[in-house]
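Number of protein chains: 2
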Amino acid sequence: MWQLFQFPLCPFSRKVRLVLGEKGVAHELVRENPWERRDEFIDLNPAGETPVLVDSTAGIALIGSQPIVEFFDETVDKMPMIHGNGAARAEIRRLTEWFDEKLFREVVEPLMHERMRKRLVSRESPDTRVLREAMRIANGHLDYMDYLLDHRRWIAGAGLSLADFTAAAHLSVVDYLGALDWRGHKQTKDWYAVMKSRPAFRPLLGERMEVIVPPAHYDKVDF
Amino acid sequence: MWQLFQFPLCPFSRKVRLVLGEKGVAHELVRENPWERRDEFIDLNPAGETPVLVDSTAGIALIGSQPIVEFFDETVDKMPMIHGNGAARAEIRRLTEWFDEKLFREVVEPLMHERMRKRLVSRESPDTRVLREAMRIANGHLDYMDYLLDHRRWIAGAGLSLADFTAAAHLSVVDYLGALDWRGHKQTKDWYAVMKSRPAFRPLLGERMEVIVPPAHYDKVDF
Ligand SMILES: N[C@@H](CCC(=O)N[C@@H](CS)C(=O)NCC(=O)O)C(=O)O
Ligand SMILES: N[C@@H](CCC(=O)N[C@@H](CS)C(=O)NCC(=O)O)C(=O)O
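Chains as they are written, first to last, in UniProt numbering: chain A, 1 to 223; chain B, 1 to 223.
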């Protein structure tokens, strides 16, 4: 049985959980707080980051969300994540990286730092200037998603793909941390309502990170 | 014919050029300085980053080094870049990301900023504290590579793979900028000598970025 080392607000672990859920790959969750830098975890992944997916019987450790997703997309046919012709596949990978790197670095990471790590680790209060700036940039990302969804059915093209699950994983963390203002983003809001209603998404929305309470609309499909 | 938008010291463009060279994919180089934020280039890639690979006849634009590499690895059999069983492929992708993200963010990006962008764009002098810190971390990365190469023939396992070309692309930029001290890193030095002697690597080593002069050993296979 696969074991996923993760914590509830890790967007990369959410991406992996959505993909495993959609593909029907059984796995159990193991709680890991990467900021504690546990020796056994660093031995498993020298980068010290979640997610890591382990099958101890087979002696396999898959490290990092994209290597994990590519592994299952190559070995499990159900619900292909990176599909279509070469150009379509490159567009799915471009947008997946856009959310994993740009949205994460500009929005998700600073929010997690201010609203989660400071709370849990250093017990400082968040820097409101950083929060405001992250919310401003988050709004620009929603604009870009509105633009994409004005031109195509799903984020990366005509078919539901990894780009949608990756975007939803990161946005769900931003939403949990109360930093999304959905007004004026009808296209993305409608798309997100559809994503939220998928069975693989439901368990994520039901979980809570200790101490941090999400806004009331967070787990509602109709928000 | 493919056109690659790039500049000589962009490590991600070097990664793509090595892969195209190894696979024998004909392409021409188009000089792009992403820091100039040319409108037509932003239209092509909203992230405003090199590399972008365009086939204007077919109307295809491939954006970002990993989507480009995966495209050609899926369509050109020669010199497979991501190979082996599922676990081997995940290890190749893990280490590729290690260099593209960790080595780039901790070492290559600050060096490029201090030694290239400040020189070309803002005409400030480099911050020696930042340079020293990047060189210190670069040394740690060489230690990790020595460790990997003590345990396996190539960076990600028994076969030459994308992880080797990615590592070599980034290290070549660090070396150009004079920030690698090869002493005490025999394993990685021997590996890098082999990489440098590959025909696909030679044209890169012959090019110069205007104004910035590499150290004398930079393009020597025997250094
Ligand atoms: N590129 C990696 C990124 C993983 C990552 O950044 N994980 C964060 C948590 S969401 C982490 O472990 N950071 C280290 C820390 O919190 O100390 C992936 O796609 O899996
Ligand atoms: N993840 C991208 C990263 C590309 C990247 O960061 N490119 C740098 C140049 S090496 C860039 O264009 N930076 C923007 C700038 O210099 O303004 C890839 O793998 O291609």
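It is worth saying that the hints were derived from the structure and are not from the lab. C-beta: ideal position from N, C-alpha, C; glycine also. Just so you know, not all the hints are guaranteed correct.
[Said to hold, decoys possible] Heads up, simulated BS3-like pairs for lysine-lysine below, C-alpha to C-alpha not over 30 Å straight-line:
{"hint": "1", "chain 1": "A", "residue 1": "K102", "chain 2": "B", "residue 2": "K102"}
{"hint": "2", "chain 1": "B", "residue 1": "K102", "chain 2": "A", "residue 2": "K118"}
{"hint": "3", "chain 1": "B", "residue 1": "K78", "chain 2": "B", "residue 2": "K220"}
{"hint": "4", "chain 1": "B", "residue 1": "K78", "chain 2": "B", "residue 2": "K118"}
{"hint": "5", "chain 1": "A", "residue 1": "K102", "chain 2": "B", "residue 2": "K220"}
{"hint": "6", "chain 1": "A", "residue 1": "K78", "chain 2": "A", "residue 2": "K118"}
{"hint": "7", "chain 1": "B", "residue 1": "K23", "chain 2": "B", "residue 2": "K220"}
{"hint": "8", "chain 1": "A", "residue 1": "K23", "chain 2": "A", "residue 2": "K118"}
{"hint": "9", "chain 1": "A", "residue 1": "K23", "chain 2": "A", "residue 2": "K186"}
[Unchecked claim] DEER-style ranges, computed between Cβ atoms:
{"hint": "10", "chain 1": "B", "residue 1": "E101", "chain 2": "A", "residue 2": "E133", "range": "14 to 24 Å"}
{"hint": "11", "chain 1": "A", "residue 1": "Q187", "chain 2": "B", "residue 2": "S197", "range": "45 to 55 Å"}
{"hint": "12", "chain 1": "B", "residue 1": "V130", "chain 2": "A", "residue 2": "R129", "range": "20 to 30 Å"}
{"hint": "13", "chain 1": "B", "residue 1": "K118", "chain 2": "A", "residue 2": "I137", "range": "23 to 33 Å"}
{"hint": "14", "chain 1": "B", "residue 1": "E101", "chain 2": "A", "residue 2": "G84", "range": "40 to 50 Å"}
{"hint": "15", "chain 1": "B", "residue 1": "A26", "chain 2": "A", "residue 2": "G84", "range": "23 to 33 Å"}
{"hint": "16", "chain 1": "A", "residue 1": "E133", "chain 2": "B", "residue 2": "A216", "range": "43 to 53 Å"}
{"hint": "17", "chain 1": "A", "residue 1": "R132", "chain 2": "B", "residue 2": "A88", "range": "20 to 30 Å"}
{"hint": "18", "chain 1": "B", "residue 1": "T128", "chain 2": "A", "residue 2": "R117", "range": "25 to 35 Å"}
{"hint": "19", "chain 1": "A", "residue 1": "G184", "chain 2": "B", "residue 2": "S197", "range": "53 to 63 Å"}
Status of each hint after checking the structure:
Between the alpha carbons of A:K102 and B:K102 the distance comes to roughly 15 Å, so the proposed pair stays at or under 30 Å and holds. For a cut-off of 30 Å, the pair hint linking B:K102 to A:K118 stands: about 23 Å separates their Cα positions. Between B:K78 and B:K220, the direct Cα distance comes to roughly 27 Å. Compliance with the 30 Å bound is thereby established for this hinted pair. Under the criterion of a C-alpha separation no larger than 30 Å, the hint pairing B:K78 with B:K118 is inconsistent with the structure, at around 40 Å.
Between A:K102 and B:K220 the CA atoms are separated by roughly 37 Å; this puts the pair beyond 30 Å, and the hint is violated. Distance restraint check for A:K78 and A:K118: the Cα-Cα separation of roughly 40 Å exceeds the 30 Å cut-off, and the hinted pair is therefore not satisfied. At roughly 24 Å between alpha-carbon atoms, B:K23 and B:K220 fall within 30 Å of each other, so this suggested pair holds. Between the alpha carbons of A:K23 and A:K118 the distance comes to roughly 35 Å, so the proposed pair goes past 30 Å and is violated.
Restraint check: the Cα-Cα separation between A:K23 and A:K186 comes to about 29 Å, which is no more than 30 Å; the hinted pair holds. About 23 Å separates the C-beta atoms of B:E101 and A:E133, a value consistent with the hinted range of 14 to 24 Å. The supplied range of 45 to 55 Å is met by A:Q187 and B:S197, whose beta-carbon atoms lie about 53 Å from each other. Taking 20 to 30 Å as the suggested C-beta distance range, the pair B:V130 and A:R129 conforms, at roughly 24 Å.
At roughly 25 Å, the beta-carbon separation of B:K118 and A:I137 lies within the given 23 to 33 Å, and the hint holds. For the pair B:E101 and A:G84, the supplied restraint of 40 to 50 Å is violated, since their beta-carbon distance comes to about 26 Å. Distance hint for B:A26 and A:G84: a CB-CB separation of about 25 Å, consistent with the stated range 23 to 33 Å. The beta-carbon spacing between A:E133 and B:A216, approximately 45 Å, falls within the hinted interval of 43 to 53 Å.
Distance hint for A:R132 and B:A88: a CB-CB separation of about 46 Å, inconsistent with the stated range 20 to 30 Å. Hint check: B:T128 to A:R117, Cβ distance near 31 Å, so the stated range 25 to 35 Å holds. For A:G184 and B:S197, the hinted distance range of 53 to 63 Å is satisfied, since their beta carbons lie about 57 Å from each other.
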